[in-house]
Amino acid sequence: MRKWHRWLSVFFAVFMLWIAVTGLLGHLAAWSGEAASAGAAEVAPPAGFVCPEGWRCMPPKPEQTGLASLTGFFHHIHSGSEFGKAGEAISFLSGLALLFFSLSGVWMYVRMWRERARRGARDRWFWK
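By the count of the working numbering, the sequence shown reaches residue 128 at its end, each step adding exactly one.
No lab work stands behind these hints, which were simulated from the structure alone. It should be emphasised that the depicted structure is a prediction, and the values quoted were computed from it without experimental measurement. Don't take each hint at face value.
Simulated restraints, written as ranges between beta carbons of each label pair [what the hints assert, rightly or not]: (1) M108 <-> V21: 54 to 62 Å; (2) A13 <-> R114: 23 to 31 Å; (3) V21 <-> S102: 16 to 24 Å; (4) L17 <-> P52: 21 to 29 Å; (5) W18 <-> S104: 32 to 40 Å.
Quick reminder that beta carbons are idealized off the backbone N, C-alpha and C, glycines included.
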């Protein structure tokens, strides 16, 4: 298991770093947009606009500026859709790799912990 863990991590490290960074940037952009829109005044409907009967009409959202205007772009890069089907496949495989590394890391730790417990070693939870 360690061999697979080591070799797959070399390949997927770059993609997982990419996904982590773009995910964080997407969240920052979304949060900055929420903060900006919370303080913005409602925009009045255009002159002469009448809401059709039975419809619930909402005023248009104010145009986002700054980092908030990049929210959609960060989402497309994060999901891999900016790079077509190959990008989406790599993004999906990176998600599976993250799941694999999480589960196999815990599994390897439990195996090492049991081996140390079997030998009667001290500091069974954490060791150097």
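Each hint, compared with the structure:
1. M108 <-> V21: 54 to 62 Å: 27 Å, violated
2. A13 <-> R114: 23 to 31 Å: Once the Cβ atoms are compared, 28 Å apart, the range 23 to 31 Å for R114 and A13 holds.
3. V21 <-> S102: 16 to 24 Å: Holds: the Cβ-Cβ distance is about 19 Å, inside 16 to 24 Å.
4. L17 <-> P52: 21 to 29 Å: 49 Å, violated
5. W18 <-> S104: 32 to 40 Å: Violated: the Cβ-Cβ distance is about 21 Å, outside 32 to 40 Å.
Of the numbered hints listed earlier, those contradicted by the structure are 1, 4 and 5.
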